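Student: So the chains spell out like this:
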Amino acid sequence: MRSPGRSRFIALCVAPATILFFLFMVMPTFNVFRMSLFERGAYSPTETFVGLNNFKVLFKDTKFIVSMQNTILLIVTVTIITFFFAIVFAAILTREKIKGQNFFRIIFYIPNILSVVVIAGIFSAIYKPDNGMLNSIFSLFAGREVMVLWKDQPMVIVSVIIAMVWQAIGYYMVMYMASMSAVPVDLYESASLDGAGRLNQFFEITLPLIWTNIRTTLTFFIISTINMAFLFVKAMVAKGMADVGLSFMYAQKDEGLYGYAMAAGVIIFLFSFTLSAVVNQVTKRDVLQM
Amino acid sequence: MKKSNSADTLYKVFIYVVLITLAVVIIVPVGWVFLASIKQNSEFYGNPWTLPATFYWQNFVDAWTAAKMGSYMLNSVLVTVLSLAILLVVALPAAYCLSRFRFRGSKFLNTAFMAGLFINVNYIVVPIFLMMRDWDSWMNYLFKLNNIFMNNLVTLAVVYAATALPFTVYLLSGYFATLPHDFEEAAYIDGAGYGQAMIRVIFPMAQPSILTIILFNFLSFWNEYIISMTLMNSATGQKTLPVGLLNLMQASQSAAQFGRLYAGLVLVMLPTLILYMCVQQKLTQGMTVGGLKG
Chain F
-19 MRSPGRSRFI
-9 ALCVAPATIL
1 FFLFMVMPTF
11 NVFRMSLFER
21 GAYSPTETFV
31 GLNNFKVLFK
41 DTKFIVSMQN
51 TILLIVTVTI
61 ITFFFAIVFA
71 AILTREKIKG
81 QNFFRIIFYI
91 PNILSVVVIA
101 GIFSAIYKPD
111 NGMLNSIFSL
121 FAGREVMVLW
131 KDQPMVIVSV
141 IIAMVWQAIG
151 YYMVMYMASM
161 SAVPVDLYES
171 ASLDGAGRLN
181 QFFEITLPLI
191 WTNIRTTLTF
201 FIISTINMAF
211 LFVKAMVAKG
221 MADVGLSFMY
231 AQKDEGLYGY
241 AMAAGVIIFL
251 FSFTLSAVVN
261 QVTKRDVLQM
Chain H
18 MKKSNSADTL
28 YKVFIYVVLI
38 TLAVVIIVPV
48 GWVFLASIKQ
58 NSEFYGNPWT
68 LPATFYWQNF
78 VDAWTAAKMG
88 SYMLNSVLVT
98 VLSLAILLVV
108 ALPAAYCLSR
118 FRFRGSKFLN
128 TAFMAGLFIN
138 VNYIVVPIFL
148 MMRDWDSWMN
158 YLFKLNNIFM
168 NNLVTLAVVY
178 AATALPFTVY
188 LLSGYFATLP
198 HDFEEAAYID
208 GAGYGQAMIR
218 VIFPMAQPSI
228 LTIILFNFLS
238 FWNEYIISMT
248 LMNSATGQKT
258 LPVGLLNLMQ
268 ASQSAAQFGR
278 LYAGLVLVML
288 PTLILYMCVQ
298 QKLTQGMTVG
308 GLKG
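Chain order of the listed sequences is F and H.
Residue numbers for the first sequence follow our numbering, beginning at -19 and rising by one.
Residue numbers for the second sequence follow our numbering, beginning at 18 and rising by one.
Mixed in with the good hints, there may be bad ones.
Here are the simulated DSS-like cross-link-like pairs (lysine-lysine), alpha carbons at most 27 Å apart as the crow flies [unchecked claim]:
(1) LYS233/F x LYS43/F
(2) LYS77/F x LYS85/H
(3) LYS29/H x LYS79/F
(4) LYS108/F x LYS85/H
(5) LYS79/F x LYS299/H
Covered by chain F, per the in silico footprint, the following chain H stretches (three or more residues, Cβ under 8 Å) [stated by the list, open to error]:
(6) 61 to 70
(7) 73 to 84
(8) 209 to 219
No wet-lab data here; the hints were simulated from the structure.
For clarity, every value in this text was computed on a predicted model and none was experimentally measured.
For each residue, glycine too, the CB sits at the ideal point set by N, CA and C.
Build the full structure now, drawing on both the sequences and the hints.
Tutor: Printed below as a string of structure tokens:
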């Protein structure tokens, strides 16, 4: 069935989405790379080509280097802690007969549906130095007034890590639960007949069989930690206190240094892309068939 | 199967303790905010674990009017509804054609939208901001008009819809591709045109996927604050709820008005919590399909 009506119909259907997509996603992406080679006036749209100059300055900018170190620290710690809790809780909720299994799943996923701004608000109540939730609990155990300044140096990055893990556990747990429930039950049954304990079953059956899923989530961890770290730092940390890559970029934009900001964006993007590729390669295993 | 022995019971107890601990760690802070939202300001200067003395409703009144959360709420509802509408109107036909028709450029477009999944808005928010500002200065130069693109809830909704397109098209085409072509053939034989076959026959079948899309994008549009903060940058202009809350957080910390801050927090999270309680099953199921959202 080919007719002029067909092409007209297709064009009509596809055009709006294509235009919006190119205007607000493809062009800006292209512009990130292009503008990183330019210097742009803060208030006038005149641009001067500066070559790789922005990058040269960037690599000597200690603030940028510190922000990238913070980013790496967050990627490593948040991934490890979240991964550990998410996979343990997923294994418990899928493998064990738990009363209120559904209840726990529902509760654990709640942080994921809250705005990062709301989470920042909740954690400002937790971290409040005087009469905050966390300090009051510590005071109770210590038997004296404990006054940890959670949102100041040096604790601020720990505070961000705790908040990010709190937010992410439920999301990854649900992901792992989905792939774990696809593992056939008779594998576990025959393993326990052979005398394999819970831990053995977990390492010999569960982990290898959901390995593909774990690899995918590792890439998610890298990409989403870079993004979420920005949202968390922007919402809950005082300006410039503990910048991560993208919040450094945004701070340059606020200063009107647009070309410089985009150079930082390019580096962060290349960094996340390379890291994901490397992790993907390193974790490559022969996939076990179920 | 297995003999129950003391080690087994101990293990069971341990598991419950661990599960309940995490549940408490999540419920208590959220519940605390709800309780704090009806406390009077003087109650914030003592033990944080006391229950509210009275039901101090005034916090919500203050947040709603004095802190303008009421009008921000209206803005957020407008932006969210509008961007969801734009997204559905634009993405549904596009996903349908891309997944079910072969035409010149279809392969390229499919790849392009797939690649779009890897573009994160946090990277491109600055170029979008500059583009909008440049368009505004052209508008000002040509027609003496101000704030056509920046500080405009409608363009904010368009940007939201545009940035959600790759994920939405990906999810919908995945579903459309599984349907057999017999459905349209039958409709064509009955004399339906392309558009009629699409709207009357295919879209109703896609209802579950459409619902998933509405859920996920509702949450991300409602909670979003970076684009909104960047494109609605006028100090006196309109704001969406999360950005308003961010300002309220800064203002209340310095002015020590904690009651209205927590009331504001409740106002932002209550709609998402209610929605979640209604559709949590759907959401956690759909997530494994739409996991790419990250």
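Student: Hints first: check each against the structure and report whether it holds.
Tutor: Going through the hints against the structure:
A distance of roughly 15 Å separates the Cα atoms of LYS233/F and LYS43/F; the hinted pair therefore holds under the 27 Å criterion. The hinted pair formed by LYS77/F and LYS85/H fails the criterion: a straight-line CA distance of about 49 Å is larger than 27 Å. For the proposed pair LYS29/H and LYS79/F, the alpha carbon gap of about 11 Å is at most 27 Å, so the pair holds. At roughly 25 Å between alpha-carbon atoms, LYS108/F and LYS85/H fall within 27 Å of each other, so this suggested pair holds.
For a cut-off of 27 Å, the pair hint linking LYS79/F to LYS299/H stands: about 21 Å separates their Cα positions. Look at the region 61 to 70 of chain H against chain F: 6 of its residues bring a Cβ nearer than 8 Å to a Cβ of that chain, three or more, so the hint holds. Judged by the Cβ-Cβ criterion of 8 Å, the region 73 to 84 of chain H is not covered by chain F as claimed, because only 0 of its residues qualify and three are needed. Coverage of the region 209 to 219 of chain H by chain F holds [criterion: at least 3 residues with CB-CB distance below 8 Å; count 4].
Comparing the model with each earlier hint shows violations of hints 2, 7; every other hint is respected.
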